[in-house]
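Dock chain B with the ligands against chain A, hints included.
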Amino acid sequence: MVKEYSPVKSAITSSQVAGELYRASGIARQLSLAAKNSQAVVHRAGSKVAGLKVISEYFADLALKTIKLAEEINRISLDISHMAVERWRQNTLVGHLFDSQEKNENEKVDQIIHVTKRKQLDINNRFNIEIRSLESQLEEIQQYMQASRVVAVSFRLEATQTDEYQGILEDMANNIDIFSEKIKQHVLDAKSHIDRLLMSNI
Amino acid sequence: MEAKLLFDDKHQWYVFARDPDKPDKIIDTNQYMVVSGKESLVLDPGGIEIFSSMLSTILKFIPIEQVTHLFASHQDPDIISSLGMWDQVIPHAKLYTPGLWEGFIRHFGCENIEFCGIEDGGGELKIGETVLQFIPAHYLHSSANFHVYDPVAKILFSGDIGAALEPQDSSLFIENFDTHCDKMRFFHQRWMPSNEAKAHWLNRVRKLDIEMMLPQHGRIFRGKEVGQFMDWFEALNVGIALDNS
Ligand SMILES: [Fe+2]
Ligand SMILES: [Fe+2]
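Which chain is which? The protein sequence lines are A and B, in order. Residues 5 to 206, numbered by the working numbering, are exactly what the first sequence covers, in order. Residues 23 to 267, numbered by the working numbering, are exactly what the second sequence covers, in order.
In isolation and in its complexed conformation, chain A is listed as follows:
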């Protein structure tokens, strides 16, 4: 038997996840701006910070990927919340149909119950699959944030080897840290919303 989570809780959870990822993608855009700035600095500094060229390109790429993924998760969680509401409406309908059957057994109504229950099953399966894939995408974005922390470390290291750009590079490293940490926090919150749903009973 496939597990069925409360449609009310499912609708709330997916909306909460969408909200977290909406905020995360806003920060990801700031992260991407930081990445562009770092590329500009590296460009200006030229051969003095040669080691940074590769890492700043990697960083810019990572920031773009983060925006895309955050927006993607936001979109998927919106789909999931539509699905949850649809399931909720079907559940309500089936409840009413059963009540009607109790008062006056009717073959046609029985058929409708049958069809609706099949739809319910189908949408429930889809919901369960989608919510799992949401989890793995959240996982992925967390890994991006780990990688971004590594970028910050490289910036700091490189900063110690230049005089002129030391301040700028250190600032950047700090920015990257702050943005990555914020995004990570939203992702963690999103995950804990999902965990709470998955651990709940109807």
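Careful, some of the hints might be misleading.
[What the hints assert, rightly or not] Partial pick of chain A residues on the chain B-facing surface, computed with a CB cut under 7 Å:
#, residue
1, 12
2, 16
3, 19
4, 20
5, 22
6, 26
7, 82
8, 85
9, 86
10, 89
11, 163
[To be verified] Below are the EDC-like pairs computed for lysine to aspartate or glutamate, each with C-alpha atoms no more than 20 Å apart in a straight line:
#, chain 1, residue 1, chain 2, residue 2
12, B, 246, B, 233
13, A, 40, A, 199
14, B, 47, A, 90
15, A, 13, B, 71
16, A, 123, B, 71
17, A, 13, B, 133
18, B, 44, A, 65
19, B, 82, A, 83
20, A, 13, B, 87
21, A, 188, A, 65
22, B, 44, A, 90
23, B, 116, B, 146
Note that these hints are calculated values from the structure, not bench results. The structure presented is a predicted model; accordingly, all values stated were derived computationally and were not measured. Beta carbons: idealized from backbone N, C-alpha and C, even for Gly.
Just chain B with the ligands now, with coordinates in the frame of chain A:
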């Protein structure tokens, strides 16, 4: 669903509108939200078809526990047919709506949410630190109907008054008042039943200091457009179905 901050000081006003996931044949609606401290009021939360978009859009800005109050200007399905769903996601909330409509609105499902009927004369509601006023707008179009005025933000939420029928992707704000009138005319002439009620309302709201007027359909009025609307509405003959039938 598009979301925009309309007023941002000690408290905030948001508009939620132009939901791309809305089925085509249902009328497009504007929803609004006032946030003050840890409380908030959702104005005309909308139909059941846009419920999931509304829920997820609201949660972009505040956690669910802070959705404490709902307001329904009147009983129409585009205003409040989502009530049965809100009733389960925010069971501790309160619904402010014309008391006259209680027996009707409860058909949408209201088992948990506290039903707070507004009396015909209007009243006040405190959301966080913000005091909002319920302005009577009876028979425009609904027989028991309220608008919401915020004297600090100088905002009037005007329900179906000021509504326009427009395509889904139109702007939230009026760009040209004169051309906009064409999109409002039929709506007001046909849905608004009474010239007397209209005069009553105009007399009342002209005394208010309004910088923004927010209708439940169509576009937002800003600055001098508010006065322009009132003059236009005053001159308009409403209740036209009687002449046409
Ligand atoms: Fe209406
Ligand atoms: Fe309406």
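Going through the hints against the structure:
Because the beta carbon of residue 12 (chain A) sits about 5 Å from the nearest beta carbon in chain B, less than 7 Å, this interface hint is met. The beta carbon of residue 16 (chain A) comes within 6 Å of a beta carbon in chain B, closer than 7 Å, and the hint placing it at the interface holds. Here the hint on residue 19 (chain A) is kept, as its CB sits about 4 Å from the closest CB of chain B, short of 7 Å. Nearest Cβ of chain B to the Cβ of residue 20 (chain A): about 6 Å, under the 7 Å cut. The hint holds.
Below 7 Å, beta-carbon pairs count as interface contacts, and residue 22 (chain A) has one with chain B at about 5 Å; its hint therefore holds. Taking 7 Å as the C-beta cut-off, the interface hint given for residue 26 (chain A) holds, the closest approach to chain B being about 5 Å. The interface hint given for residue 82 (chain A) holds, since its Cβ lies 6 Å from the closest Cβ of chain B, which is under the 7 Å cut-off. The restraint placing residue 85 (chain A) at the interface with chain B holds, with a minimum CB-CB distance near 5 Å, inside the 7 Å limit.
For residue 86 (chain A), the suggested interface contact is upheld, since its CB lies about 5 Å from the closest CB of chain B, less than 7 Å. The criterion of a C-beta within 7 Å of any C-beta in chain B is met by residue 89 (chain A), whose closest approach is roughly 4 Å, and the hint holds. Taking 7 Å as the C-beta contact cut-off toward chain B, the hint placing residue 163 (chain A) at the interface is violated, the least distance being around 37 Å. Of the supplied pair hints, the one linking residue 246 (chain B) and residue 233 (chain B) holds, its CA atoms being roughly 8 Å apart against a limit of 20 Å.
The suggested pairing of residue 40 (chain A) with residue 199 (chain A) is violated, with an alpha-carbon distance near 35 Å, which exceeds 20 Å. The hinted pair formed by residue 47 (chain B) and residue 90 (chain A) meets the criterion: a straight-line CA distance of about 18 Å does not exceed 20 Å. Between residue 13 (chain A) and residue 71 (chain B), the direct Cα distance comes to roughly 18 Å. Compliance with the 20 Å bound is thereby established for this hinted pair. A distance of roughly 18 Å separates the Cα atoms of residue 123 (chain A) and residue 71 (chain B); the hinted pair therefore holds under the 20 Å criterion.
Simply put, residue 13 (chain A) and residue 133 (chain B) have alpha-carbon atoms about 18 Å apart, close enough for the 20 Å limit, and the pair holds. Restraint check for residue 44 (chain B) and residue 65 (chain A): not satisfied, since their Cα atoms lie roughly 35 Å apart, outside the 20 Å limit. Among the hinted pairs, residue 82 (chain B) with residue 83 (chain A) is consistent with the structure: their alpha-carbon atoms are about 15 Å apart, no more than 20 Å. Between residue 13 (chain A) and residue 87 (chain B), the direct Cα distance comes to roughly 14 Å. Compliance with the 20 Å bound is thereby established for this hinted pair.
For the hint linking residue 188 (chain A) to residue 65 (chain A), the alpha-carbon distance of about 18 Å falls within 20 Å, and the restraint holds. Using a Cα cut-off of 20 Å, the hinted pair residue 44 (chain B) and residue 90 (chain A) holds, with the two alpha carbons roughly 14 Å apart. Taking the CA atoms of residue 116 (chain B) and residue 146 (chain B), the gap is about 14 Å. The hint holds against a cut of 20 Å.
Going through the hint list in order, the structure does not satisfy hints 11, 13 and 18.
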